[in-house]
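With the hints as your guide, set chain D onto chain U.
Each protein sequence line maps, in turn, to chains U and D. If you read the first sequence in the working numbering, its first letter stands for residue 58, the second for the next number, and so on. If you read the second sequence in the working numbering, its first letter stands for residue 124, the second for the next number, and so on.
It is worth saying that the hints were derived from the structure and are not from the lab. Some hints could be false.
List of simulated lysine-lysine pairs, DSS-like, C-alpha gap at most 30 Å [stated by the list, open to error]:
1) Lys-294(D) - Lys-352(D)
2) Lys-385(D) - Lys-443(U)
3) Lys-240(U) - Lys-323(U)
4) Lys-210(D) - Lys-125(D)
5) Lys-578(D) - Lys-528(D)
6) Lys-256(D) - Lys-443(U)
7) Lys-385(D) - Lys-256(D)
8) Lys-421(U) - Lys-512(D)
9) Lys-441(D) - Lys-421(U)
10) Lys-179(D) - Lys-125(D)
11) Lys-528(D) - Lys-256(D)
12) Lys-179(D) - Lys-210(D)
All of these numbers come straight from a predicted model, not from anything done at the bench.
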Amino acid sequence: MRAYYPALNALGLIIMIFGLLMGFPLGVSVWLDDGATLAYDKAVFATFVIGLILWALTRGGRRDLRVHDGFFLVAATWIVLPLFGALPLLAYIPGLHFTDAYFEAVSGLTATGATVLSGLDDLPISINLWRTFMHWIGGMGVIVLVVAILPLLGIGGRQLFKAEVPTPMKDSSLTPRIAETAKGLWMTYLLLTVACALSLWWAGLDGWDALIHAFSIAGLGGFSNKDASLGHFDNLNVELVTILFAVLAGLNYATHYLALMRRSLKPYARDPEIPFYFGVLLFSVAMLTLYLMYWQIHADPLATLRNVAFHVVSISTSLGLVIDDYTAWPMFAQLWLLFMGSFIACSGSTGGGIKMMRAMILYKQVLREMIRSLHPNAVRPVRLGKQPVPETILHAVLGFSFMYMVSIVSLTLLLSATGLELITAFSAVVASLNNTGPGLEGVGPASNYQALTVFHKWVLAFTMILGRLEIFTFLVVLTPAFWRR
Amino acid sequence: MKIIILGAGQVGASVAENLVSEANDITLVDTSPEHLAVLRDRLEIRTVCGNAASPKVLRDAGAEDADLLIAVTQSDQTNLCACRIAKALFNLPTRIARLRSTDYVDYPELLDESNFAVDFSICPEQVVTDYIKRLIAFPEALQVLEFADGVVSLICVRAFEGGPLVGHPLKALKFHLPNVEVRIAAIYRNGVPIIPEGDSIIAPGDEVFCLAATVHVRQVMRELRRSDKPMRRIMIAGGGNIGFRLAQSIEENYHVKILEMKQERAELLATQLSRALVLRGDSTDEKLLETEGIDETDLFVALTNDEEDNIMSASLAKRMGARRTLALINRRSYVDLVQGGPIDIAISPAHTSIGTLLAHVRRGDVVAVHSLRRGAAEALELIAHGSRKDSKVVGRPIEEIMLPKGASIGAIVRDETREDGRVVRREVIMPHHDTVIEENDHVIVFCTHKHLVRKVEKLFQVGFHFL
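One chain only, chain U, in its complex shape:
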């Protein structure tokens, strides 16, 4: 057991910080006197004290974190934090089942946005703020935040960082010191969020609505404080602002950071993912608009464009806010949205899925195999921009993609074996694994995850964490080899 002390010690620290972060909605609650104050002070107190106890008990075993500790800590953090994140919800909403609260907190922290709650419009502001604030914290990553503000995690920091940041190129860092990199990413993230909140406010939302949705958009989460999601406002400007910032949040934050640091747009031109990202987005919007105009789903071409543009961006970047019920669309269009969500978001963004970079590497690998069968002597490294992709990363990407498929198939089978209708099961798994949120049919935008059984909710919560940690970081901890030291 002592072997886990260093990781547990860091975990205690993370829990304490999480407790302090909970102080933000507590403050809001006190200030607004919205009736949730009692729920919060208990939750904040419990979280902080438990973190403190854990930290104090394991202080003796403190040392720099190793690779092993890194995986354990990241997995443990993502399983344990939702427990604390669920506390305010449990305390405020009477009769809320523990499973539902945990599901909601996982969905929040993993920036998925699948909700089991209804009557959101009547919840106090601070509760809704907490839900999307969790998106915001989890979007960029709790551990990245801790690395940024607490350099005392020491040498293990880079290990942790690599385990949490969603990108296949784990070794590319922006600055020589990992703490600087983490700080840079969080500052960029903060700036984008502030800009988003101000824009939403300008577009016509009131201050709290703007802030709540800005957290949701920047983290590409998908919670809203309205049952009808963003459709509640029926405001074109709000939708345009959302599209803009969702597109920005779906880009690599490292690129944003470089552009800000150098005050130039060149880093965007050099990012190899960007042409494909925008290419696929624009193609999808154009194609689906024409397709839906043909089927005459919406009243007129402009309404079609508005609906398609919003949902394509929202679902494919894994945001998950909706303005209408897209399950009225023909099945092809719905599946297209779901399919897009699995690879559009760029590496290093707050989005989910296999990431654009991996999709590009896979596509180029396929091209290479074809050229190789035509020209047996051809030498053709897989390249991103001008950079060759090392074989080790190529293999990692192939392995990852395989595990991604396996996860989707096996979890879908598990859900349908336990009584869920196939499309619902499939789309729930895909939407959870990609951290998108809304799926199709039973879990579509018109309904939510409330109706699922307790077992299904646990499976999907697990799927969300699996997706957020890009499968391997989480699965490694579940292998026997990990525990056999």
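Showing chain D alone in chain U's frame:
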């Protein structure tokens, strides 16, 4: 003139060879005693063994009273460093450096007096690459040379049965191409020069050198042979410096395949090239050539470091159906053996690239020197300076200029300047016996023999005896 040449590689050796015959004192510096010994036995030069970037070695080589430093070692860094030292310690007046990496060339301010102090930089690989590119653009030509920044071209074409002008006297050219100014500079029949007259007849198999404005080159070529299909599929053997540069500059416009032996180099090429197909393998491997469709290849370019390999692979490619073959060959004896046979064009990298370098070395206002027919003949571009009083050229009609026998003025490029000095238009003049040369004209002179070059240069110098 006292000249120091750093580096006794291919370029250094052929520069030495070319300059030694022109009564220069040459000192060659290299780190390899063997290289130096071979050259010392063959040429009348002094050699110094040592690191070219060391002040002591440069002093030993006589940098203190040398007129010219030519730094052509393999390493860019050594060349730059040597130029800087020559300027700082010895105040050597003219410094020429070979720079391969485009990295340096992109920052011209690095080369000025206060930094590396390089007066001229040359990249032999780039010169050869450009030369091959022109041959690809004009697939019918044996040689394409440009003068006056590309305004005028000199092309060498082998006349073929069926060309509209073949079998006709030269004066018929006027009727064939009424609007095109063209000058037949020389005709070589079986390797012997014929001074072209109005009634000389072009026979099939003749190598014809024509000067024309670059925009008219295609029309002129059509008169001498049926035009070929344009090139589309190009196979390059050898991914060295030249092969890589060539592939990089033509991959957008042609289907390029490039063969490279070494796995590591092949991988590097593949990461740098975006459209060309990189193949790892031996260019003399019949099976490989066959699977890669050599019979449908329009041009096979053999550019490896091994000239025997180049000859063999190009011959093999020709035999297996490549439409045209081109090989990099240094030895003149080999060139005579294979050119016109299995290999359509032999390129000597030393001869091709040396012209640019020699232009800087030679006195007077020589802009370019190109060797033709593997160095047997030369074409020069000179700027006429002075006035009728102090020049033997300016202000005189062509017939009054005392050109040595075997040299002829091929074309004149005259800048039309506005009042503020900006060049408005460059006019190409095909001179007649009464054309008067003006100051600042670029005059292109064709010499049937190399030793005429010095006489022509003298003629263009502004002389004191006219005062």
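- [ ] Please flag the earlier hints that this structure goes against, numbers listed from lowest up.
- [x] Violated hints (numbers, rising): 8, 9 and 11; every other hint is consistent with the structure.
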